[in-house]
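Chemist: Our numbering applies: residue 5 is where the sequence shown begins, and numbers increase by one.
Bear in mind the hints are in silico, worked out from the structure with no lab data behind them. Heads up, some of the hints might be wrong.
Claimed, not checked - Quick list of in silico lysine-lysine cross-link-like pairs, DSSO-like style, CA-CA up to 30 angstroms: (1) 107 / 308; (2) 77 / 271; (3) 177 / 67; (4) 153 / 228; (5) 118 / 307; (6) 210 / 194; (7) 224 / 75; (8) 224 / 61; (9) 365 / 105; (10) 271 / 308; (11) 224 / 152; (12) 63 / 224; (13) 118 / 63; (14) 153 / 107; (15) 152 / 77; (16) 115 / 205; (17) 308 / 35; (18) 107 / 35; (19) 210 / 166; (20) 271 / 194; (21) 271 / 67; (22) 115 / 283; (23) 75 / 156; (24) 77 / 118; (25) 228 / 109; (26) 224 / 276; (27) 63 / 215; (28) 77 / 197; (29) 228 / 276; (30) 156 / 224.
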Amino acid sequence: MKRIIIPIFICTLFIVSAISQPKSINKPGDKSTKIDELMSYCHENGLFNGTILVSEKNKVIYKEAFGMANKEKEQPLTIQSSFYLCSVSKQFTAMAIMILKQKNKLSYDDKLSKYFVEFPSYANDVTIRHLMTHTSGIPDHYRLGAYKKGLKNADVFSLLIKQDTLDFAPGSKYSYSNGGYVLLAMIVEKVSKQPFHIFMKENIFKPLGMKNTLVFDESKPEIKNRVIGYNASGNPDDYELFTTGAGGVFSTVDDLFLWNQSLFTNKPISQKTLADAFKTTTLNDGSISNYGFGWVISDRNGKKIVRHSGSLVGFRTFIERNITDRYSWILLTNSGDAVPMNEINGALDSIMNNATYNLPKVPASSKLHRHLKDSSHEVAESFPNVVVPSEIPESSTGKYSK
């Protein structure tokens, strides 16, 4: 009987999901209540397992933890849970460079060849500014096949210096390069004469009171309240890397709130120096790239928005700051590709602007996976491939749509 009923259920579920429309919500209530309703819905429907913090005018209006930090040990997530930030780490790397710039230790126009003689002659045309804005032509090391578990900066560097040519002339186009940010971390070490994780702790994390934030590298520091990453089907997918600069930072929503608040002050750098981070980039032909120094820059209804997303197997992360209206939110999840981050962000933006918002659609694969698990572990294990492949992560170029 099961062999007949389950396929019928599967077909019915996919048909219902395909024709269903997102539910629009527009009802009275304060922002925190609406956010809680949104995030509770997302968690209950398998769309969010993680922590969230939303702030407005320097005050936290909502923060909550949903789900498990470690399913095998039955450890629930808390606000103190520490997540791998993935590419959200890049804004901290850019800040390290800006700190050194403010101290007159380097220039954004310094050539790559000044710091690394190992590169071919094209390093004479690549600047620190190019590296920070993803306009250097240095390839992304992941596209070159450098994504083994335990990958180190030295591995990335060895691969990059073997490239005979750049992907394009520096400054001529935008192309996201994790390799470029690994090089920035190495430049910080050369200029400061300190290991990257020590420089970050002494110049950013400690001064800002970010007690639960650190750079994870091959020294393997202990991470308090560390979260395990999981894929869309709920299996552990905690891919450990030791590369820094492009990623490597572990943090909590509370610490990231402190970071966010500091960016409205003169810590750890002046507002004049910080302003460079939030400027778009003009390419050689006069066209504009909307990537600044570790941030995606956009204008939404006349409001200045800066943000960045991150994604690596079992983790997805996001931070957005509305500089004009001074509200922001931080999303950290360890359910990786199960999270419709764009839809959640769109709903949060609508709530913060007192507008109607859409509840994210629940993919058929999520409904089916939950149904099978609830019905019978034996049945669930019989259909391990019903979950669709991972969503393509949100583009780091910052083309945001609601």
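Chemist: Compare the structure with each hint and give your call.
Modeler: Consistency of the hints with the structure:
| no. | hint | in the structure |
| --- | --- | --- |
| 1 | 107 / 308 | holds, 28 angstroms |
| 2 | 77 / 271 | violated, 39 angstroms |
| 3 | 177 / 67 | violated, 39 angstroms |
| 4 | 153 / 228 | holds, 22 angstroms |
| 5 | 118 / 307 | violated, 39 angstroms |
| 6 | 210 / 194 | holds, 21 angstroms |
| 7 | 224 / 75 | holds, 23 angstroms |
| 8 | 224 / 61 | violated, 37 angstroms |
| 9 | 365 / 105 | violated, 45 angstroms |
| 10 | 271 / 308 | holds, 21 angstroms |
| 11 | 224 / 152 | holds, 17 angstroms |
| 12 | 63 / 224 | violated, 34 angstroms |
| 13 | 118 / 63 | violated, 44 angstroms |
| 14 | 153 / 107 | violated, 36 angstroms |
| 15 | 152 / 77 | holds, 27 angstroms |
| 16 | 115 / 205 | holds, 27 angstroms |
| 17 | 308 / 35 | holds, 21 angstroms |
| 18 | 107 / 35 | violated, 41 angstroms |
| 19 | 210 / 166 | violated, 37 angstroms |
| 20 | 271 / 194 | holds, 23 angstroms |
| 21 | 271 / 67 | holds, 24 angstroms |
| 22 | 115 / 283 | holds, 21 angstroms |
| 23 | 75 / 156 | holds, 28 angstroms |
| 24 | 77 / 118 | violated, 49 angstroms |
| 25 | 228 / 109 | violated, 33 angstroms |
| 26 | 224 / 276 | violated, 36 angstroms |
| 27 | 63 / 215 | holds, 20 angstroms |
| 28 | 77 / 197 | violated, 41 angstroms |
| 29 | 228 / 276 | violated, 35 angstroms |
| 30 | 156 / 224 | holds, 12 angstroms |
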